[in-house]
Amino acid sequence: MIEIHLILLFMIAAAIVAVEARDLLSSVVAIGSVGIGLSLAFLILKAPDLAIMQLVVEIMSLVILVRATMRQDLPFSMSGRWVFNTFSTVLFMCVFLGAAYIALKNIPLGGGDFGIASGVYLREAIPATGAKNVVAAITSNYRLMDTLGEVAAIFTAVVGVMAIARRVGRPR
Amino acid sequence: MVTYILCLMLFCVGLYCVLRKRNLIKIIIGIGIMGYAVNLFIILAGYRAQSRAPIYANDQIVARMVDPLPQAMVMTSIVLELSVTLILIAIAIRIYEKYGTFDITKINKLKG
Chain G
1 MIEIHLILLF MIAAAIVAVE ARDLLSSVVA IGSVGIGLSL AFLILKAPDL AIMQLVVEIM
61 SLVILVRATM RQDLPFSMSG RWVFNTFSTV LFMCVFLGAA YIALKNIPLG GGDFGIASGV
121 YLREAIPATG AKNVVAAITS NYRLMDTLGE VAAIFTAVVG VMAIARRVGR PR
Chain C
1001 MVTYILCLML FCVGLYCVLR KRNLIKIIIG IGIMGYAVNL FIILAGYRAQ SRAPIYANDQ
1061 IVARMVDPLP QAMVMTSIVL ELSVTLILIA IAIRIYEKYG TFDITKINKL KG
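Chains as they are written, first to last, in our numbering: chain G, 1 to 172; chain C, 1001 to 1112.
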């Protein structure tokens, strides 16, 4: 699994660049490279449908984010309780990673067996739905209501953006 | 195990960005990084060693496929993240029009 480690290290480095870059446009480009790395990781983890979807969604969100990068980042300042806030944030991250280490210590990557539902889906996909791609069989047959909810969420997002970005307000 | 910890370190980078940056666009970017890390963690939990994609072929057997259910769930989650980013950007642009800044310490006028 050396490939997935390399890609994850690349993603962490690109994310740090995205967080710390002064120019907002370079920050947006760095977040785009994190998304492309995630697409490659999906491909290595045997999820080709997700890799395609992540690529498309990444390009769309990049185009939307470029619209919002009008100015430079704010200058660095240490006003307020800067030392205390940064120290508590780093402390919380250390506690989080330590707890994750204890919890995940004995779980190997790629072990384990299917859950009951996954086994049923895998065994009955061809006789029940006729689809050779099991993920497509799940999203568009077994769990079609999920996909319907996804479409409803996109519709709600579009309506919300139109309501927020509308120029004319209520007349006073 | 190292893979899980690296994935959670990516999550922590996004969390640091959300908690310690003052720029609204940087905060939106941090939320995006956290979403990527969580999606990758779910796919890692469904991965099985030395198996292939869950697509039937002539020489493919069920015991050598990865778990398809997390992939179907994450497919929904990716699209929902796109819509969340869309609404956040719209709100940020609106705030910029009203206040002329992305600094969250200066956006403090509740009136009007």
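Note that these hints are calculated values from the structure, not bench results.
Even glycine gets a Cβ: it sits at the ideal position worked out from N, Cα and C.
Please note that the accuracy of each hint is not assured.
Examples of chain C residues lying across from chain G (beta carbon under 7 Å, computed) [to be verified]:
no. : residue
1   : V1018
2   : I1031
3   : I1033
4   : M1034
5   : Y1036
6   : Q1060
7   : A1063
8   : M1065
9   : L1069
10  : V1074
11  : Y1099
With beta-carbon atoms standing in for the labels, derived distance ranges [unchecked claim]:
no. : chain 1 : residue 1 : chain 2 : residue 2 : range
12  : C       : I1095     : G       : V158      : 30 to 40 Å
13  : G       : V158      : C       : D1059     : 51 to 61 Å
14  : G       : V168      : C       : R1064     : 15 to 25 Å
Evaluated hints:
Because the smallest distance between the Cβ of C:V1018 and any Cβ of chain G comes to about 10 Å, over 7 Å, the interface hint for this residue is violated. Taking 7 Å as the C-beta cut-off, the interface hint given for C:I1031 is violated, the closest approach to chain G being about 11 Å. Restraint check, C:I1033 versus chain G: the minimum CB separation of about 5 Å is within 7 Å; hint holds. For C:M1034, the suggested interface contact is broken, since its CB lies about 10 Å from the closest CB of chain G, more than 7 Å.
With a cut of 7 Å, the hint placing C:Y1036 at the interface with chain G holds, because the nearest CB-to-CB distance is about 5 Å. At a threshold of 7 Å, the smallest CB-CB gap from C:Q1060 to chain G is about 9 Å, leaving the interface hint violated. With a least beta-carbon distance of about 9 Å to chain G, the hint placing C:A1063 at the interface is violated under the 7 Å criterion. For the restraint placing C:M1065 at the interface with chain G, the shortest Cβ-Cβ distance is roughly 6 Å, inside the 7 Å limit, so the hint holds.
Checking C:L1069 against chain G by beta carbon gives a least distance of about 5 Å; that is within 7 Å, so the hint holds. Here the hint on C:V1074 is kept, as its CB sits about 6 Å from the closest CB of chain G, short of 7 Å. Against a cut-off of 7 Å between C-beta atoms, the interface hint on C:Y1099 is violated, since the closest Cβ of chain G lies about 13 Å away. Our hint of 30 to 40 Å for C:I1095 and G:V158 is violated, since their Cβ atoms are close to 20 Å apart.
For G:V158 and C:D1059, the Cβ-Cβ distance of about 44 Å falls outside the hinted range of 51 to 61 Å, so the restraint is violated. Remark: the range hint 15 to 25 Å for G:V168 to C:R1064 is contradicted by a beta-carbon distance near 60 Å.
Checked against the numbered hints above, the structure violates hints 1, 2, 4, 6, 7, 11, 12, 13, 14; every other hint is satisfied.
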